[in-house]
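> As a plain string of letters, each chain reads:
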Amino acid sequence: MSEKIISKDKIKEWIDVLMQSHTVVAPIERKDAPAEFREIKPGDEPIIDGSKSMMPPKDWLLPRYETLFKVSKGAEGAQVEPAVPECKPTVMLGMWLPDAAAIRVLDRVFLDDKFKDPYYAARRENTVLVAVMPAEKRWSWFCNSVDDVETWKDSVDVLMYDLGDKFYVEGISAKGEEIIAGAYFTESNEADTIARNQVWDLFAKCDKLPFAGKALYDNLAWEDPIWAEISQKCLACGMCSYMCPSCSCFDIQDETNGLCTERYRCRDTCQFEDFTLMGAGHNPRNNQLPRSRQRLLHKFKYQHEQFGVVGCTGCGRCVELCPVNVDIRDVLTRTCSKERAEEPVKAD
Amino acid sequence: MSDIENKIQEEAKKALEGGDVSVVIGWGAGSAPFKTTPVFIEKPEDADKLVWNPACVNNLAVYLPKLANDKKVGIVAKPCDIRSMIGLIQEKQIKRENLYIIGLGCAGVVDAFNLDSQDFHLQDVIGLDWTSDGLKVSTTNGDYTLSCSDCLRDMCLVCTKREPAIFDVKLGEAVQPSDIRESLIPELAEERKAYWSEQFSKCIRCYACRQVCPACYCKTCFADRVEPKWTAKKATAEEAWMFHATRMMHIAGRCIGCGECERICPVGIPVAELAREMAQAVKDTYGYEAGDPNQESPVLGQYKEEDFDPAHHGG
Chain A
1 MSEKIISKDK IKEWIDVLMQ SHTVVAPIER KDAPAEFREI KPGDEPIIDG SKSMMPPKDW
61 LLPRYETLFK VSKGAEGAQV EPAVPECKPT VMLGMWLPDA AAIRVLDRVF LDDKFKDPYY
121 AARRENTVLV AVMPAEKRWS WFCNSVDDVE TWKDSVDVLM YDLGDKFYVE GISAKGEEII
181 AGAYFTESNE ADTIARNQVW DLFAKCDKLP FAGKALYDNL AWEDPIWAEI SQKCLACGMC
241 SYMCPSCSCF DIQDETNGLC TERYRCRDTC QFEDFTLMGA GHNPRNNQLP RSRQRLLHKF
301 KYQHEQFGVV GCTGCGRCVE LCPVNVDIRD VLTRTCSKER AEEPVKAD
Chain B
1 MSDIENKIQE EAKKALEGGD VSVVIGWGAG SAPFKTTPVF IEKPEDADKL VWNPACVNNL
61 AVYLPKLAND KKVGIVAKPC DIRSMIGLIQ EKQIKRENLY IIGLGCAGVV DAFNLDSQDF
121 HLQDVIGLDW TSDGLKVSTT NGDYTLSCSD CLRDMCLVCT KREPAIFDVK LGEAVQPSDI
181 RESLIPELAE ERKAYWSEQF SKCIRCYACR QVCPACYCKT CFADRVEPKW TAKKATAEEA
241 WMFHATRMMH IAGRCIGCGE CERICPVGIP VAELAREMAQ AVKDTYGYEA GDPNQESPVL
301 GQYKEEDFDP AHHGG
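Listed in order, the protein sequences are those of chains A and B.
Numbering of the first sequence is given in my numbering, commencing with residue 1 and proceeding in unit increments.
Numbering of the second sequence is given in my numbering, commencing with residue 1 and proceeding in unit increments.
Incorrect hints may appear among the rest.
Below, in silico cross-link-like pairs of lysine to aspartate or glutamate (EDC-like), each with a Cα-Cα straight-line distance of 16 Å or less [said to hold, decoys possible]:
id : chain 1 : residue 1 : chain 2 : residue 2
1  : B       : K35       : A       : D330
2  : A       : K137      : B       : D307
3  : A       : K137      : B       : E198
4  : B       : K193      : B       : D224
5  : B       : K95       : B       : E296
6  : B       : K43       : A       : E229
7  : A       : K31       : B       : E45
8  : A       : K31       : B       : D20
9  : A       : K52       : B       : D116
10 : B       : K229      : A       : E255
11 : B       : K229      : A       : E229
12 : B       : K49       : A       : E262
13 : B       : K229      : A       : D330
14 : B       : K219      : A       : D330
15 : B       : K7        : A       : E229
16 : A       : K137      : B       : D20
17 : B       : K219      : A       : E262
None of these hints come from the bench; they were simulated from the model.
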């Protein structure tokens with residue numbers, strides 16, 4: 001693993017070089033809105049220090065709307081036009097580490113051994129992930145309460161730390177080392193390492209919440225009065241899932257125009273009434289209570305059983321955005337403070 | 001404001017002890033000092049969970065069509081929330097006699113997003129309060145005073161209806177805004193089109209604007225209908241335009257301008273501005289304002305011989 005420094009005024013030069021061989025994707029600012037991950041075009045000013053709120057990086061890897069294929073009927077019969085993207089090698093810059101860890105969750109879902117999603121795979125398998133640790137913390141973070149964040153470093157190729165006028169850069173994988181080889185990367189010194197550690201500690205040593213280190217998958221119960229309490233106030237908007245970097249549920253729809261049909265994929269969420277609505281009209285989750293419960297159990301219990309990871313990295317987006325302040329940290333604290341929880345909280 | 005908070009708690013307690021009110025909906029302490037959360041108080045001894053501070057943003061009228069159908073519900077409400085209730089009463093979604101309204105004079109409430117770009121860190125905030133100079137933000141590093149235009153929710157900056165229009169108990173005093181914000185939307189048609197195209201291109205179709213809206217109580221929204229399909233689910237600017245424009249037509253003459261849709265939009269689409277223009281058009285055309293307790297029925301539920309008809313008058 002190499003450790004280097006790049007001055008912030010050299011970043012543009014570095015990106016320009018990357019753009020010669022890669023598609024470079026980063027958060028780009030938009031009018032009155034969180035920055036969004038998209039391909040950098042000439043003249044764009046990407047935000048890569050993690051300082052601003054950003055849309056989840058899944059918007060690039062698992063677009064909000066994506067054509068799967070088109071079928072059209074002509075003189076020669078039906079023509080199927082596949083739409084699996086052909087992707088150039090890509091570098092994603094500017095996501096912070098918990099968002100990169102969330103991509104691990106998406107990878108489990110879409111790059112599974114039994115079924116690999118060709119659309120997701122086309123983008124993801126060619127992508128180098130460069131994460132950043134921002135210089136300031138936010139009130140909504142609870143990353144170090146859901147997992148051992150040290151292990152997340154393995155989910156990225158390069159990890160950068162914002163040191164003010166420069167970044168401390170760690171090459172983690174071979175793919176990562178390749179893209180941090182230019183002359184604008186210099187040697188780091190001892191003071192840089194101390195500053196790097198401070199940025200890391202700001203993130204990794206946040207106060208731990210009461211549920212930290214507990215086996216959440218054993219503690220979350222099907223029967224718990226908290227589900228009724230949440231569902232009473234929940235407005236069933238899909239914001240928590242749509243903005244979540246780990247939530248991956250989608251809907252598939254057909255749209256026909258004349259003799260051409262497009263099949264596309266778009267976002268969906270367990271919070272919507274029609275999410276589990278069957279063709280014949282039966283709805284197994286026919287009110288908000290089982291829907292509110294589902295989101296939490298899926299993230300912390302079912303995904304853990306399926307993949308060995310939990311579907312939450314503590315990024316805090318849902319904490320900040322929920323219109324009725326259902327705070328997932330509070331829910332986990334209360335569900336896991338029952339006597340069921342035997343394991344002691346891990347010491348720092 | 002703690003004396004108002006105490007009075008709210010007393011009134012809620014009395015209402016619940018009286019026996020005919022089964023639940024009081026109000027705001028409770030949130031997970032951060034600049035947040036509150038809706039609470040549903042059923043026992044008199046829980047009334048002390050109710051709070052009143054500049055973070056009491058939610059329009060709680062959104063819960064009434066489901067809750068106040070067959071039982072009497074107490075509700076702690078800002079003047080805008082009360083205007084939503086008047087709309088729901090006029091549209092026969094709830095009955096006035098099923099409401100016990102603890103109405104509040106209002107000085108505007110705070111959008112947590114607006115607190116984010118100030119001189120302090122949100123994690124250091126310990127409390128918010130109104131003062132005669134604006135908003136006092138207490139933090140672990142000292143107090144800050146913000147002007148209203150720096151921190152109030154956008155719709156509060158244009159709101160002049162800060163007295164409860166109907167109530168069973170009234171608490172607190174209204175403070176009128178010192179300056180009224182101008183519209184953000186370009187006037188020229190081409191510029192407007194470009195403006196809204198850009199705004200709608202951000203829409204992720206989470207439908208939070210609809211879910212948080214007390215006027216959006218349809219059992220099945222047109223946007224969720226499979227047949228006929230009015231708008232596709234795909235997140236494109238065109239489909240989002242269809243969704244928002246249709247929703248605007250549905251709430252024309254009904255939206256009272258609480259601005260909840262705008263507050264909760266995760267991508268910052270100023271939907272409430274559209275609704276405000278629509279309300280102005282209804283006012284100019286029919287002299288009608290939504291949420292007016294002196295109106296017996298909604299504007300589209302009334303017919304007058306002299307009503308302006310754009311179809312007959314050539315637009």
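> If a hint holds in the structure, say so; if it does not, say that too.
To see whether the hints hold, each was checked on the structure:
The hinted pair formed by K35(B) and D330(A) meets the criterion: a straight-line CA distance of about 13 Å does not exceed 16 Å. For the hint pairing K137(A) with D307(B), the CA-to-CA distance comes to about 58 Å; that exceeds 16 Å, so the pair is violated. The straight-line distance between the Cα atoms of K137(A) and E198(B) is roughly 31 Å, outside the 16 Å bound, and the hint therefore fails. Between the alpha carbons of K193(B) and D224(B) the distance comes to roughly 26 Å, so the proposed pair goes past 16 Å and is violated.
Distance check on the hinted pair: K95(B) and E296(B) sit about 13 Å apart at the alpha-carbon level, within 16 Å; holds. This hinted pair checks out: K43(B) and E229(A) have alpha carbons roughly 15 Å apart, not beyond 16 Å. As the CA atoms of K31(A) and E45(B) are separated by approximately 47 Å, the hinted pair breaks the 16 Å bound. Only pairs whose Cα atoms come within 16 Å are accepted, and K31(A) paired with D20(B) is rejected, the gap being roughly 50 Å.
Between K52(A) and D116(B) the alpha-carbon distance is near 10 Å, which keeps this suggested pair within the 16 Å criterion. Between K229(B) and E255(A) the CA atoms are separated by roughly 10 Å; this keeps the pair inside 16 Å, and the hint holds. For the suggested pair K229(B) and E229(A), the alpha carbons sit about 34 Å apart, so the restraint of at most 16 Å is broken. With a C-alpha separation of about 52 Å, the suggested pair K49(B) and E262(A) falls outside the 16 Å cut-off, and the hint is violated.
At roughly 39 Å between alpha-carbon atoms, K229(B) and D330(A) are farther apart than 16 Å, so this suggested pair is violated. A hinted pair counts as satisfied when its Cα atoms are at most 16 Å apart, and K219(B) with D330(A) does not qualify at roughly 31 Å. A threshold of 16 Å between alpha carbons decides the hint, and for K7(B) with E229(A) the separation of about 25 Å lies outside it, so the pair is violated. Pair hint K137(A) plus D20(B) does not hold up; C-alpha atoms about 48 Å apart against a cutoff of 16 Å.
Distance restraint check for K219(B) and E262(A): the Cα-Cα separation of roughly 29 Å exceeds the 16 Å cut-off, and the hinted pair is therefore not satisfied.
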